[in-house]
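Using the sequences and the hints, build the whole thing.
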Amino acid sequence: MAKKKSLFQEFTKGILVENPVLRLVLGTCPTLAVSTSVESALGMGVAASIVLVCSNIAIAALKKVIPQKVRIPAYIVIIASFVTIVQMLVKAFVPQIDAQLGVYLPLIVVNCIILGRAEAFACKNSVAASAVDGLGMGVGFTAALLLMGAVRELLGTGAIAGLQIIPASVSPMLIFILPPGGFFVFGLLMACANKLADKKGLSKAELKGCEACPMAASCSLRGEVENKDKKDKKEADDK
Numbered sequence: 001m002a003k004k005k006s007l008f009q010e011f012t013k014g015i016l017v018e019n020p021v022l023r024l025v026l027g028t029c030p031t032l033a034v035s036t037s038v039e040s041a042l043g044m045g046v047a048a049s050i051v052l053v054c055s056n057i058a059i060a061a062l063k064k065v066i067p068q069k070v071r072i073p074a075y076i077v078i079i080a081s082f083v084t085i086v087q088m089l090v091k092a093f094v095p096q097i098d099a100q101l102g103v104y105l106p107l108i109v110v111n112c113i114i115l116g117r118a119e120a121f122a123c124k125n126s127v128a129a130s131a132v133d134g135l136g137m138g139v140g141f142t143a144a145l146l147l148m149g150a151v152r153e154l155l156g157t158g159a160i161a162g163l164q165i166i167p168a169s170v171s172p173m174l175i176f177i178l179p180p181g182g183f184f185v186f187g188l189l190m191a192c193a194n195k196l197a198d199k200k201g202l203s204k205a206e207l208k209g210c211e212a213c214p215m216a217a218s219c220s221l222r223g224e225v226e227n228k229d230k231k232d233k234k235e236a237d238d239k
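Residue numbers (our numbering): 1 to 239.
I should point out that these hints are in silico values taken from the structure, not numbers from a laboratory. Worth double-checking, as some hints may not be accurate.
As the list claims (entries may be wrong) - Below 30 Å or equal to it, Euclidean Cα-Cα: the simulated DSS-like pairs (lysine-lysine) are:
id : residue 1 : residue 2
1  : K5        : K64
2  : K91       : K5
3  : K124      : K63
4  : K195      : K13
5  : K64       : K199
6  : K64       : K124
7  : K63       : K200
8  : K63       : K13
9  : K195      : K5
10 : K124      : K13
11 : K5        : K199
12 : K5        : K69
As the structure is a computational prediction, the values presented were derived from the model and not from experiment.
The following block contains the structure:
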């Protein structure tokens, strides 16, 4: 039987060991789209983290009353409720962030990080553990966004959050605030994260089988994937 992780381990795993962006490669679309500046990256990270923690708590608390067959639609309704609240607060108090994030703020509803944690963790664990898991994954997501935002904004504009870092006499590399620069920085940070994890002797981060896929319940390939996983495990045991 696998040893149960402490709450501290549940929190820290999302920062590096299972960082949703740099190790599990989840939430790539909003990551590349909003990481053109530190301000927008922080806004998206905080908003997604709040939704992640709140939805994890709600789903963990309601897991016994949500019917198995309709759990995915139920999760989406819960997540959408929190996203609506967060979006209203952002529009009211920081409208400039709402303008920068645009459509990506309401699209948090279908963010695969949030749906994935609901299906893979929150529906199987206690409220406390689910809250800590959501917080850890949220911090990891925010940290990855901030790293990308800082690098892209610095190299693309010469400044970070309005503070000029690179002398104005040096021409900024505008490609870094464009999509190609986003992919370049994303790949570089992924390589650094994996190298750091290897040096620390951390196990390879991966999503096993269909357990973390929010659409697994209705996927026609689920049986094939699970059979392949069992076959691979049997071959590994035989060796």
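Now for the hints, and whether the structure bears them out:
With a C-alpha separation of about 22 Å, the suggested pair K5 and K64 falls inside the 30 Å cut-off, and the hint holds. Straight-line distance between C-alpha atoms of K91 and K5 comes to about 38 Å, which puts the hinted pair past the 30 Å bound. Taking the CA atoms of K124 and K63, the gap is near 8 Å; set against the 30 Å cutoff, the hint holds. Annotation: proposed proximity of K195 to K13 holds, straight-line Cα distance about 16 Å (limit 30 Å).
With a C-alpha separation of about 41 Å, the suggested pairing of K64 with K199 is violated against the 30 Å cut-off. Of the pairs offered as hints, the one joining K64 and K124 holds, with about 10 Å between alpha carbons and a cut-off of 30 Å not exceeded. Of the pairs offered as hints, the one joining K63 and K200 is violated, with about 36 Å between alpha carbons and a cut-off of 30 Å exceeded. A threshold of 30 Å between alpha carbons decides the hint, and for K63 with K13 the separation of about 23 Å falls inside it, so the pair holds.
Taking the CA atoms of K195 and K5, the gap is about 24 Å. The hint holds against a cut of 30 Å. A C-alpha spacing of about 17 Å is found between K124 and K13, which places the hinted pair at or below 30 Å, so the restraint holds. The hinted pair formed by K5 and K199 meets the criterion: a straight-line CA distance of about 22 Å does not exceed 30 Å. With a C-alpha separation of about 29 Å, the suggested pair K5 and K69 falls inside the 30 Å cut-off, and the hint holds.
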